[in-house]
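Trainee: Dock chain one against chain two, each of which comes alone in its own frame, and use the hints as you go.
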Amino acid sequence: MEKDTLLLLEKVNQLSLSESERDTVLGFFEKRECDMEKLNAIDTENVERMVHVLPINTVVREDVAKKLFTRDDLQKGAPETMDGFWQVPRVVE
Amino acid sequence: MKKIMLDQMILTDCCPTNAGSKMLDGYTGLFNATVVEKLKEAGYEIAGKLPVGEFAIDLVGESCFAGADKASAAAKTLENDTVMAHIALDVNGAPRRVAAQNGLVFAKPTYGTVSRFGMIPVACSGECVGVMARNAADCREVLCTIVGKDEKDGTMHTDEVCKNAAAAAAPVKKVAVLKMPTDANDKIEATKAKMAANGIEICEIDAGVIASANAAWNMLMCAELCNNVSRYDGVKYGYRTKNYKNLDELYTNSRTEAFGLTLKTAILYGSDVLSTKNYMAKYDKAMRVRRVIVEAFAGIFADFDAVLLPAVSKMAYTEKDSAFEENAYTAPASVTGLPAVVTNGVQLIGPAFSDGALLALAEALEKEGK
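Respectively, the protein sequence lines represent chains W and A. To convert, note that position 80 of the first sequence is 472 in this note's numbering; the numbers rise steadily by one, no gaps. To convert, note that position 294 of the second sequence is 1399 in this note's numbering; the numbers rise steadily by one, no gaps.
By construction, these hints were calculated from the structure, which means they are not laboratory data. Treat the hints with care, as some may be off.
Said to hold, decoys possible - Label pairs and their computed distance ranges (CB to CB):
1) E1146(A) with M428(W): 45 to 51 Å
2) Y1384(A) with G469(W): 45 to 51 Å
3) G419(W) with K1254(A): 40 to 46 Å
4) A1302(A) with E411(W): 55 to 61 Å
5) T450(W) with E1146(A): 26 to 32 Å
6) N1348(A) with D415(W): 36 to 42 Å
7) K1254(A) with A470(W): 29 to 35 Å
8) A1302(A) with M428(W): 42 to 48 Å
9) K1278(A) with T450(W): 33 to 39 Å
10) V452(W) with D1264(A): 15 to 21 Å
11) K1254(A) with R441(W): 25 to 31 Å
12) L399(W) with D1408(A): 50 to 56 Å
13) A1298(A) with K458(W): 52 to 58 Å
Stated by the list, open to error - In silico DSBU-like links for lysine-lysine, alpha-carbon gap of 35 Å or less:
14) K468(W) with K1254(A)
15) K1127(A) with K423(W)
16) K459(W) with K1292(A)
17) K1341(A) with K459(W)
18) K1108(A) with K1143(A)
19) K403(W) with K1347(A)
20) K1127(A) with K1107(A)
21) K1350(A) with K395(W)
22) K1127(A) with K1350(A)
All figures in this text were calculated on a predicted structure; none of them were measured in a lab. Backbone N, C-alpha and C define an ideal beta-carbon position, used for all residues, glycine too.
Looking at chain A on its own, in the form it has when it is part of the complex (with noise of 0.2 Å):
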């Protein structure tokens, strides 16, 4: 039976989910969300979890309550080829930065294609659930039994346009190279040249507006994010404080105590971006800017049928670096949707539903050799 590692984001009704979070610790779900559902009733063997950064905004994982020691976790794990894939939610490119930095494939699907139904929520505008795999031909096999309508899920396509989209394979002719700047060039280069031995016809343009996403995502995210996260009170489920008096201070107590300082720093940022004095000049502007950048990918993908781009600065980061300013590379498909997929260390973005499409040409990619 083949096995399946899936994030701490993922509910299940066997084992506990805790978001990376103190908030949520011990935490067991009522139900299976629907992919694990999907996977087990497809013969797929759900072979554990994998801890993942609070709420999974983080760089890699760094800011697991559970220890800085957990990041990367999904990497280590496939490297023993016993386990086939991983499933994560991809928030703010996470996993597109660790598969980049391993030498591991991960497929971001389009908006709308795979259940959300189960997850952990953050920022549900842009958050999409993905697949991490040792190559493409697994990474295509699992996204294939996970995506499909579900009724659960409001914000899904058809079942026929779900399962297009995983499975079209029209092949990708002619790239577009983004200019971005990142140490990870090499990587951009020998793709380039893998391409080109496809016979792929490549031509590098400016970023434009895309160079933008980060921007703009930073705000919806943190935005979605600090109401997502309003429920964690204390009350209901999850972690308690013991130093109370009143339910003020039960309120406060638990969710300064059980949460991190990256979490607590986004909350207030995206309740600041929510508030009366900046809504219409934060908040308003960065969904116009979503838009604007939505169109600028349409008129790329009028000329090309993908668009080739750095998925990290560096190959390994420092304490220094944070998630709000390397997810420029990620941003761009967390904002507008569109389907992505890291391989060789390098990002591809296709058109909506060429999730297919791109995971064949990283097929043909990987024939060239690492």
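Bound conformation, chain W alone (with noise of 0.2 Å):
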């Protein structure tokens, strides 16, 4: 892992790390190598890939609208709103 594009990662994530952080972030991807050589030395060839453990199907379900909450109760937890409107810094200069 190049430093460059730990900052590209960090960037995409929205997250900026001092460089300490960054050294053992660094770290630990040189570590996670080895799991690369564990899954490599498997071979996969013939393999389909799983993405369900289980043989789960995706489930369906009618399309039919319910009002679970208010406007009020979603925005019980948010940090900032004004006249029930989620408030954030201006986008538009």
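Mentor: Next comes the structure, spelled out in structure tokens:
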């Protein structure tokens, strides 16, 4: 893992690490190389991907609207609201 | 009234659920998780919530934002016999490690037999709601209460299958012992002796591809976690930084200030695993290895009723230990969705829907003494 790649991953995930944290994370990525070696030692040439561990099919239901919560309920945990809207900083200068 | 504790991954509408993270400090859910409703309907009292490591991915709860002294709080609470059991979300094996190191029993059920509706989601393809208690009988009683089909969880088996799994009691007659290095080998030897005393045939086998389960689970878990925690952005709910001038800074500073380093590391690793460059080599490969491991277990269960393996590498951790290595013992059940029961400091894994049979074996071993 190159530091530039880590910086890109930070940006994509909206995180900003300190230099000492970056060293720790790079060390972690280095250790994970042994995970890759373990997996590559297993022949998966003719093996299908397993997304679900058990044979569970996608569940469908009637497309019926239900009102479970009010707007006020949903905004109870919001950091900042105004007039029933979630408040964020100005996005258009 | 029998008292039950919940971990901080389980939503309740009466008290906050923080997932062990500053991001959700003070957050209260709008509804009760299905397991909570089932327990209340059955007459149990929800006695409170116990701390959990940040998003339940650490060793034994040490990454909880409220402080490392909160680690293993479940074990301390269960020392008090006024509480019958503790319900915990098993994402990366932490509750199994806590049980193993503290002489408790933990049942991780077959994936899809206990509703995950109302859990803070982390690694949805493998995480399970389990029960920790002082003995296997209490574990079974509570597990039988919380199993069952829930229309709100799309990854569940039929009601009959779920209930039969928890109640199953077919005797375990033949056990395979997975050869895995551990400092807690005395626990394995003691369990083998107790099994022999119960007339159970024991045979040692090599771990083979199962030894690679943690490599696959580290990738799958981090990839799923990376997506699941992307919702925490400081806008809709949870922590918001005071230090921002624009929307980008609000997102970045909120997440940076609220998340701990273990979680940030897992997010970054998961994002790397899912990147265009690595998707096929890492994520896709891990999903194929997952099938190889499931098939390896199926091969073992053609000849054996259960597998005995360590739950931990040692009976106490230091700061140098990491869940990403230690989950070598817990990842086999996480990545395959198979039921696992920790008892007497060791772990039993059985075929899908053999939860009750594993608990019956744990009860039989308890009778042989600690």
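Trainee: Next, verify each hint and record whether it holds.
Mentor: Tested hints:
1. Remark: the range hint 45 to 51 Å for E1146(A) to M428(W) is upheld by a beta-carbon distance near 47 Å.
2. The hint said 45 to 51 Å for the Cβ distance between Y1384(A) and G469(W), and at roughly 34 Å that hint is violated.
3. Remark: the range hint 40 to 46 Å for G419(W) to K1254(A) is upheld by a beta-carbon distance near 45 Å.
4. The given range of 55 to 61 Å is respected by A1302(A) and E411(W), whose C-beta atoms sit roughly 58 Å from each other.
5. The hint said 26 to 32 Å for the Cβ distance between T450(W) and E1146(A), and at roughly 29 Å that hint holds.
6. For N1348(A) paired with D415(W), a C-beta distance near 24 Å fails the hint of 36 to 42 Å.
7. Take K1254(A) and A470(W): their Cβ atoms lie about 34 Å apart, and the range 29 to 35 Å holds.
8. For the hinted restraint 42 to 48 Å between A1302(A) and M428(W), the CB-CB distance of approximately 43 Å keeps it satisfied.
9. Separation of K1278(A) from T450(W) is about 38 Å and conforms to the stated range, judged on CB atoms against 33 to 39 Å.
10. For the pair V452(W) and D1264(A), the supplied restraint of 15 to 21 Å holds, since their beta-carbon distance comes to about 18 Å.
11. Separated by about 27 Å at the C-beta atoms, K1254(A) and R441(W) satisfy the suggested range of 25 to 31 Å.
12. Distance hint for L399(W) and D1408(A): a CB-CB separation of about 51 Å, consistent with the stated range 50 to 56 Å.
13. Evaluation of the 52 to 58 Å hint for A1298(A) and K458(W) yields a pass: the beta carbon distance comes to about 57 Å.
14. The straight-line distance between the Cα atoms of K468(W) and K1254(A) is roughly 30 Å, inside the 35 Å bound, and the hint therefore holds.
15. Restraint check for K1127(A) and K423(W): the C-alpha separation of about 27 Å stays at or below 35 Å, so the hint holds.
16. For the proposed pair K459(W) and K1292(A), the alpha carbon gap of about 53 Å is over 35 Å, so the pair is violated.
17. Between K1341(A) and K459(W) the alpha-carbon distance is near 19 Å, which keeps this suggested pair within the 35 Å criterion.
18. Proximity of K1108(A) to K1143(A) is assessed by CA-CA distance (about 14 Å); at most 35 Å being required, the pair is judged to hold.
19. A distance of roughly 20 Å separates the Cα atoms of K403(W) and K1347(A); the hinted pair therefore holds under the 35 Å criterion.
20. At roughly 31 Å between alpha-carbon atoms, K1127(A) and K1107(A) fall within 35 Å of each other, so this suggested pair holds.
21. A distance of roughly 27 Å separates the Cα atoms of K1350(A) and K395(W); the hinted pair therefore holds under the 35 Å criterion.
22. Of the supplied pair hints, the one linking K1127(A) and K1350(A) holds, its CA atoms being roughly 22 Å apart against a limit of 35 Å.
When held up to the earlier numbered hints, the structure conflicts with 2, 6 and 16 and fits the remainder.
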